[in-house]
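S.K.: Residues per chain, in single letters:
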Amino acid sequence: AQSVTQLDSQVPVFEEAPVELRCNYSSSVSVYLFWYVQYPNQGLQLLLKYLSGSTLVKGINGFEAEFNKSQTSFHLRKPSVHISDTAEYFCAVSDTGRRALTFGSGTRLQVQP
Amino acid sequence: GAGVSQSPSNKVTEKGKDVELRCDPISGHTALYWYRQRLGQGLEFLIYFQGNSAPDKSGLPSDRFSAERTGGSVSTLTIQRTQQEDSAVYLCASGGGGTAYEQYFGPGTRLTVT
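Protein chains in written order, with the working numbering: chain A, 997 to 1109; chain B, 723 to 836.
Here chain B stands alone, though its shape is the one from the complex:
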């Protein structure tokens, strides 16, 4: 079956602009995660959605970052007034929830803020 997909694969934007990154999780997965990977570093957790529960936003680095998940499926991560330090690969993962702890990752969106 299809894996996690993300779009766009690459995004170049000017400092101060808003960007939206999209994630399509694996069909039927109730859990969805966003992570950020800066060059040469590990992944940083941003936000976690589980079913209809309130999302865990504890990893969002500032109020310029927000995410939503519509209909329990597709998710959009929005970064407002982008800064150069936002340049990174943004990774989305989905999981089955319940006792299934595995997370399946998408290919990521490479964001470059100029």
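The following block holds chain A by itself, in its conformation from the complex:
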């Protein structure tokens, strides 16, 4: 069985500051990792994914994440946030044999002016 832990339920940050949203996972098999964003009153949108290869993956809107197998982490980062980045961010994992995603409980990023 897999599980995903997002350690922070809310992250307040000032505009133009850097941010890191933490994600740790637990799995007994190889996994694929994803970050999704949910803007207010909108559906989920894929930010980035790690399937294989380089452990540093870049996504849309200036976000990036680094897969760390030894620490079973996939933290999301952005060097300078904007007000428009205010949203709920979900980390998710699927194993290489089963496509269904296991999601974390989400982190609400609140960017303040």
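Heads up, some of the hints might be wrong.
Here are some of the chain B residues that sit facing chain A, going by a computed Cβ distance under 8 Å [unchecked claim]:
#1 Gln-763
#2 Gly-764
#3 Leu-765
#4 Pro-829
These are computed hints drawn from the structure, not numbers from a lab. Ideal Cβ placement from N, Cα and C applies to all residues, glycine included.
Put chain B on the given structure of chain A with help from the hints.
M.R.: Chain B only, in chain A's frame:
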């Protein structure tokens, strides 16, 4: 092109009634997923269809929940004898299958059981 669509967008029903939620996936996508999102929580997997294979029903919470996918396209999630704990947003996603692991989500159906 068109994304994943779901209907209705909102559904209010009385406890004990049956409800049907519909999902239209992206044309050509062979994989279709249903998830449930309770207030303030992450998404819970319910069921997964891939082409003509038998669906993965391992996430369905009880036998009151069922889903079908007709003609490899449209899917209907049915909840029988609804309970208040069924209140949630039900999300559908589709994907290309094969080596394409991305899932594209619809806007969801907000179900409220009174």
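S.K.: Now look at each hint and say whether the structure bears it out.
M.R.: Hints, one by one, checked against the model:
no. : hint    : in the structure
1   : Gln-763 : holds (6 Å)
2   : Gly-764 : holds (4 Å)
3   : Leu-765 : holds (4 Å)
4   : Pro-829 : holds (5 Å)
Going down the numbered hints, you'll see the structure goes against none, and every one checks out.
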